[in-house]
Amino acid sequence: MTAATLAGFIGSALVGLGLYGLITDPQPIRKILGFNLIGSGVFLLFGIVARKGAAAGFAADPVPQAMVITGIVVAFSASALAIALVLRLYEVAGPVSLRSEHTSNKAEK
Amino acid sequence: MNAAPIASASTAGGSLLWLAIILPVVGILASLLSGGRHAERIALLLMPTGFGIAIAIAIFLWRSGQPLVYVIGGFNPPLGIALRADGFSAVMLVTTALIVAAAGFYARAIFATPPGITEARAPLTFWILLQAIWASLNLVFLGGDLFNLYVAIELLTFAAVPLVCLDSRAETISAALRYLLFALCGSVFYLLGVALLYGAYGTLDIVLLSDRVSSEPVVWVAAGLMTAGLLAKTALFPLHLWLPPAHANAPAACSAVLSALVVKGSFFLIVRLWFGVLPNVPHEAVSFILAALGSAAILFGSVLALQQERLKLLIAYSTVAQIGYLFLMFPLVQGPNLWVAEAWSGGIMQTLSHAFAKAAMFLAAGLIAESLGHDRIRDLRGIGAVMPMTLFAFGLGGLSLMGLPPSGGFLAKWLLLKASIEAGRPIWGAVMLSGGLLAAGYLYRVLAPALSSDILHLKAPPRRSREAVALALALTAIALGFAPKAFFDFLQIGRVAVAGGSS
Chain A
491 MTAATLAGFI
501 GSALVGLGLY
511 GLITDPQPIR
521 KILGFNLIGS
531 GVFLLFGIVA
541 RKGAAAGFAA
551 DPVPQAMVIT
561 GIVVAFSASA
571 LAIALVLRLY
581 EVAGPVSLRS
591 EHTSNKAEK
Chain B
96 MNAAPIASAS
106 TAGGSLLWLA
116 IILPVVGILA
126 SLLSGGRHAE
136 RIALLLMPTG
146 FGIAIAIAIF
156 LWRSGQPLVY
166 VIGGFNPPLG
176 IALRADGFSA
186 VMLVTTALIV
196 AAAGFYARAI
206 FATPPGITEA
216 RAPLTFWILL
226 QAIWASLNLV
236 FLGGDLFNLY
246 VAIELLTFAA
256 VPLVCLDSRA
266 ETISAALRYL
276 LFALCGSVFY
286 LLGVALLYGA
296 YGTLDIVLLS
306 DRVSSEPVVW
316 VAAGLMTAGL
326 LAKTALFPLH
336 LWLPPAHANA
346 PAACSAVLSA
356 LVVKGSFFLI
366 VRLWFGVLPN
376 VPHEAVSFIL
386 AALGSAAILF
396 GSVLALQQER
406 LKLLIAYSTV
416 AQIGYLFLMF
426 PLVQGPNLWV
436 AEAWSGGIMQ
446 TLSHAFAKAA
456 MFLAAGLIAE
466 SLGHDRIRDL
476 RGIGAVMPMT
486 LFAFGLGGLS
496 LMGLPPSGGF
506 LAKWLLLKAS
516 IEAGRPIWGA
526 VMLSGGLLAA
536 GYLYRVLAPA
546 LSSDILHLKA
556 PPRRSREAVA
566 LALALTAIAL
576 GFAPKAFFDF
586 LQIGRVAVAG
596 GSS
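So the protein sequences, as listed, match chains A and B.
For what it's worth, this note's numbering labels the leading residue of the first sequence as 491, then goes sequentially.
For what it's worth, this note's numbering labels the leading residue of the second sequence as 96, then goes sequentially.
Simulated from the structure, these hints should not be mistaken for laboratory data.
Among the chain A residues that face chain B by a calculated CB cut under 8 Å, a handful are:
{"hint": "1", "residue": "Gly529"}
{"hint": "2", "residue": "Lys542"}
{"hint": "3", "residue": "Gly561"}
{"hint": "4", "residue": "Arg578"}
{"hint": "5", "residue": "Leu579"}
{"hint": "6", "residue": "Val586"}
Some residues of chain B that are not near chain A, with every Cβ distance over 12 Å (derived):
{"hint": "7", "residue": "Leu124"}
{"hint": "8", "residue": "Ala204"}
{"hint": "9", "residue": "Ser305"}
{"hint": "10", "residue": "Leu528"}
{"hint": "11", "residue": "Arg540"}
Just so you know, these numbers come straight off a predicted model, no measurement behind them.
No residue lacks a Cβ here, since even glycine has one placed at the ideal position from N, Cα and C.
All chains, full assembly: derive it from the sequences and hints.
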């Protein structure tokens, strides 16, 4: 097994674990962590793409690395925004879970 | 109308493309620096300017008949990034400028900085984020690079989510959080698809990619991931759960922008992906799935709209249904067939007319809620007598949603219906017709009590100018129904012929 294949498996595992957490766990913070796990898996994939030198065929393609850096900045901002919302929600409403929300919204008078 | 544009040279009028993106960004920075009540003035000042730029882009495009291109910094793709405008981009730019300006003008009454203080949180946030939505939408419509478009769609989410919870109630914050989580999940899948495409072909430029891609597993996986991600952001059934609470609980001016424009941003990217990047990959099966989901959205969204007790929730579920119509164009825009241009025009027409009609309806509903202090449908009896202009705007918007002539909604559904019959697939036409009947049902639920002769007392009468904004948007949706043939020719500029069977 080459390093790239191993990294690919790890990336897929991270995406899978993150997605599982994001979908099944009703805790907002854990959902945000799940999102970050998926993000890490995707960034790892970009790393493999860079190593393969997809664009020009040279040893290490710098373009995917530039994309990963941008992606990390975006994911960081997204997490910050999500955490800010969770904190505000905690201030206003106390501990919350996102489980049964759409049913309660429907019943609202 | 025919072949893919040449990728690598800026065309005449190309500079307008970066100007359309930079202008609102300059507005955001200036608003942040000067703060307080200046943010409102800057935003309102830039809106006519931005509209002028969008119109200028449309004129250049009309004259040349070819997509406009601007190569940023003179670095050609694949290393550099190109901005491109075709017919669809140009009409979306103009629509966005108009609706953002209408929402801004309408919101002056709610989001004015109160006299006596220099800065208030909600108004400053609103004016900055409104410009941010505008800037990122323009980037979505003009971007020619898939990674650049990823950043654009993320910026759009970051600008849209806080608008939902400007009033800081627990209910709106959790709606915003749910929206953000759906959107983030969607964008990370889009990014995964982008990584796979780059890994396989070494470029993310839309035109270069469309030449290089072939029908192979990596493309199917990448396209599937990207489409699924964008569908979550577009709120196509069954990924619509976040939309009704978010759109119904936001302030009316924000709901209008979110429902009319923000969901169209990610829809635009789905169209770009399948018709811009992958025209050479057969996508009959995918088109069928998208249209089937769209049909489910039309029926499910309309039936839920029939059951809502609050006016704004009803309008939000109607958005879920109307998004479904957009996806009916996919199975009809296939191959070198005669009806392809009709279906394409019909899909774009639905995007535009829904944008104007839905913005008008949300603004009208906002006025009703402000004047009554609530938006319970059963307590709206007699609203027609005290707020005739608002209800007229709401009704005209509804007319377009139902697809009654003369309106943009009618023309859109007529074109799609005609294409579905010519293509020998009347099933999609049948869905459209039943969706129209259901829309008539949920609008009747509002209009019938509203026009009753009961006496209703308003807490405060609405301002004439704000009613006029809602009415102007509704009239635009109606006016689209009179679009001349030249308008449809314009929509075809830059459309790439899609490979596929002639069935």
